[in-house]
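*Asks:* With the hints as a guide, bring the two chains together.
The listed protein sequences derive, respectively, from chains W and D. Residue 536 in this note's numbering sits at position 118 of the first sequence, and the numbers go up by one each step. Residue 168 in this note's numbering sits at position 167 of the second sequence, and the numbers go up by one each step.
Keep in mind the hints are simulated off the structure, nothing from the lab. It is possible that part of the hints are untrue.
[To be verified] To be clear about the criterion: a stretch of chain D counts as covered by chain W if any three or more of its residues have a C-beta under 8 Å from a C-beta of chain W, and this derived list gives those stretches:
| id | stretch |
| --- | --- |
| 1 | 59-71 |
| 2 | 147-158 |
[As the list claims (entries may be wrong)] Derived SDA-like pairs: lysine to any residue, alpha-carbon spacing no greater than 25 Å straight-line:
| id | chain 1 | residue 1 | chain 2 | residue 2 |
| --- | --- | --- | --- | --- |
| 3 | D | K234 | W | Y537 |
| 4 | D | K205 | W | Y537 |
| 5 | W | K550 | D | K234 |
| 6 | D | K259 | W | A553 |
| 7 | D | K259 | W | Y537 |
| 8 | D | K259 | W | F551 |
| 9 | D | K205 | W | E490 |
| 10 | D | K202 | W | R544 |
| 11 | D | K202 | W | H555 |
| 12 | D | K259 | W | R546 |
| 13 | D | K202 | W | M491 |
| 14 | W | K424 | D | F44 |
| 15 | D | K205 | D | L254 |
Note that CB positions come from ideal geometry on N, CA and C, so glycine has one too.
Here's the letter readout for the chains.
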Amino acid sequence: MKLIMKRIIIVTILILFSYLLQVGVFSFFKMAGIIPNIMLILVVTFAVMRGRMEGMLVGFFTGLLLDGFSGEMIGYYALIFLVMGYLNGFFQPLIYSNNMMLPLMMILLNSVVYGFVIYVFSFLLRNRLDFKFYAMHVMIPETVYTFFVAIFLYNIFYYINFKLEGVEKRSGI
Amino acid sequence: MNNRPGFDIQPKIVLLILSTLCIAFIIVSSVFSSSVSVFNAVFSTVVVPMEEGVNSIGRFVSERVKSLEDASDLREENKKLKTRVDDLERELAALESDQQELKNLRELYKLNKAYESYDMVGARIIATDSSNWYNSFTINKGAKDGIKVDMNVIAGNGLVGIVSNVGKNYSKVRAIIDDTSSVSAMFDTTADNCIVNGSLKSIKDGYITVDHITKGAKINEGDMLVTSNVSSKYLPGITIGYVNDITQDENGLTKSGKVSPVVDFKHLQEVLIITTMKDNEDEE
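Chain D on its own, in the form it takes in the complex (with noise of 0.2 Å):
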């Protein structure tokens, strides 16, 4: 017995009607980017209010999770913890003249402060990826908050990655970690260029890697990398991580190397969205 009264069609005809379908909206949405963001205003409205409920509970789940295995360690933690307030106490006051020093050499050297004074908003992530083959996430800003696509996105200290899709009250953003995504950055000490990729492969062993490097460039394991003032959508001089690993391409034009981001991809919950942009920098 077919389940399904009225529909007595060929299953085989609605495949290839269904299919014909998809081939054509992969063609049309590949070759005119800008109906998908169309598409995803459909969805929008619907479920991403749902997503931030869900991703509310599932917040407060793993909190509780997490509180009832901590119970019983941090008793014990607790004991070991009040011998050693006494020692850091006597620590810290020693500390504190230094701290006064480093201040002053950073005002100095006012390195992470200059993209504080671009315009930024801060957005919660929502969603993470649906699939384990990208980095990239959905944030619960959009359109109505005045984002848009291309906008770079930091978190504390560093670059997290660039608005890649804008719906009406969310955002995608992909991650500079991502396997598709590639940053054009330099040396924050030599302005040397180079570019920096996201690999799938090697974030799991918590670097992303960076090429592209030329032969000649005076640099040192542990360099600071900064976009660069050549990329064409991120703002310059915002820190992507440090370099490691440096090594001599086969082609021998080129060096290459590993880059441990600044920013903690694991534990990301807000962002930074930084609404100056690129284009409308120059154009000023």
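Same shape as in the complex, but just chain W (with noise of 0.2 Å):
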């Protein structure tokens, strides 16, 4: 139970962290007007490592924190990001060792997707239509910058994952 608890403190520091990264940092290393999406690298990479339930929580509760600033709707990005994390975690099971191939391929594929889902319900169903200008502008420069931003990332957090993991296992669970 308090390899739990400490599994929990260091993911809720993780999501902290990265959220402070994302609004705090990055916004003074804008590229091209653009910020990465770090709470997608989280999501994802947690997916991947540890499979469909860890990848949901992490998800979740990611996405609350980002509609608690938000403002307007509370559950929007908590909802997307729950099924992110679930549906990544099936991936689990094709990541063995520290390669880093599918996991960033996971998170480029991610971000696509989840501009195109942000770009649908919160840009089309308001009726602006510019599909192309927002692929050109937003979601793919986003996508590229996350996929960068991925690489350094990942290797962190699967780093941190794999000390965590190190300790549960040598704890007998």
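*Replies:* The structure is reproduced here in structure tokens:
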């Protein structure tokens, strides 16, 4: 039980860390006016490393945090990230060693889908029809930037999880 | 091996429960918008102080990085500038007399002075929006500093936006360039009403859009737009920006155009919140 607590605390810190990184730090390092989607990296990484259940929970709380500050509607990002965490969790059995290729591809794919979902629900439904513009100026730059940040962040998250799992395994769980 | 002991519940069931919860949240928060602020209060106490801390670190680092880049450029620039100083000093003397004249004229005009009588609170921007789709930001003043939803936010001489959300020690400001923002505006010269809409698409080129200008309005490119008297939330007479590219709409009844905001949204760090609110004014 103590180990679960430890994991919960560390993951909570990671969620906060990612949030602060996204809104606090990267807002100073925008590229073409775009910030990378750190929260997405976190959710996808934990989903593919730890499976559906944890991916889902990390996604849910990450989304809630975003909702808490987007301020309009509670549950919107929570639902998106919840489903994202769950679906990516199916890929967990495919991840074995420290092979970055698949997780990075997953992050790339997720970022595209995420951008598309946000476009449909927040913009298309308000009659903003110029999909090409939003793809060129928001979705694609965000995906590219997120991908490059992910190369670094994935390793950090992977290492933290690796350490955590090490402790858990040694304790015979 | 399932890595989470004690969690023998099927993921599918958890998914179902949590999604239902999310949908319930969405419905509750859209129907009772006041419930959102209760939820925000939970986060504000924990995250906002951290945000402020991280923000100052981020600013520090970005300034350091910049100063390194600049050092070599500066030396060269310094040389050039020294020669320019001499030229400029001569020009300055000539300008100073013009300046005095302008000052007198300004006083007569009293254009931008209209809203200096309002009570204002200064605030610092501590976080930008967490996504690339919206233009809103968080400031470090909240309910305990007397900030309320729908207060107007300005910077320098122009309208920045409106407080959309208030927590104990922070508030969210929706900028006028946000895609969901629309401000009831009027032309400073003719008092013709129109609507200024934020647009994610056009702000990439540095302008927002204005529409619903009546066909007969006698307006020129470069005219100034201010917030309208008939707006329900915005105080009248706050500068929004300057109009250009006015075109006739297809319906033949209205015109629309582009607005260059007077506020530089890219480099915004401090803002002023006008604590006088439109509603209060009407009651008086």
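*Asks:* Hint by hint, say whether it matches the structure.
*Replies:* Each hint tested on the structure:
1. 59-71: It holds: at least three residues are needed, and the stretch 59-71 of chain D offers 4 whose Cβ sits within less than 8 Å of chain W.
2. 147-158: violated (count 0)
3. D:K234 <-> W:Y537: violated (28 Å)
4. D:K205 <-> W:Y537: Measuring from Cα to Cα gives roughly 17 Å; hence the hint holds.
5. W:K550 <-> D:K234: Since the Cα atoms of K550 (chain W) and K234 (chain D) sit roughly 34 Å apart, the hinted pair is violated (cutoff 25 Å).
6. D:K259 <-> W:A553: holds (23 Å)
7. D:K259 <-> W:Y537: holds (24 Å)
8. D:K259 <-> W:F551: With a Cα-Cα distance of about 18 Å, the restraint between K259 (chain D) and F551 (chain W) holds, given a limit of 25 Å.
9. D:K205 <-> W:E490: holds (24 Å)
10. D:K202 <-> W:R544: holds (14 Å)
11. D:K202 <-> W:H555: Within the cut-off at roughly 8 Å; holds.
12. D:K259 <-> W:R546: Distance ~17 Å between K259 (chain D) and R546 (chain W) Cα, so the pair holds.
13. D:K202 <-> W:M491: holds (23 Å)
14. W:K424 <-> D:F44: Status holds; Cα separation ~22 Å.
15. D:K205 <-> D:L254: violated (28 Å)
In summary, the numbered hints that this structure violates are 2, 3, 5 and 15.
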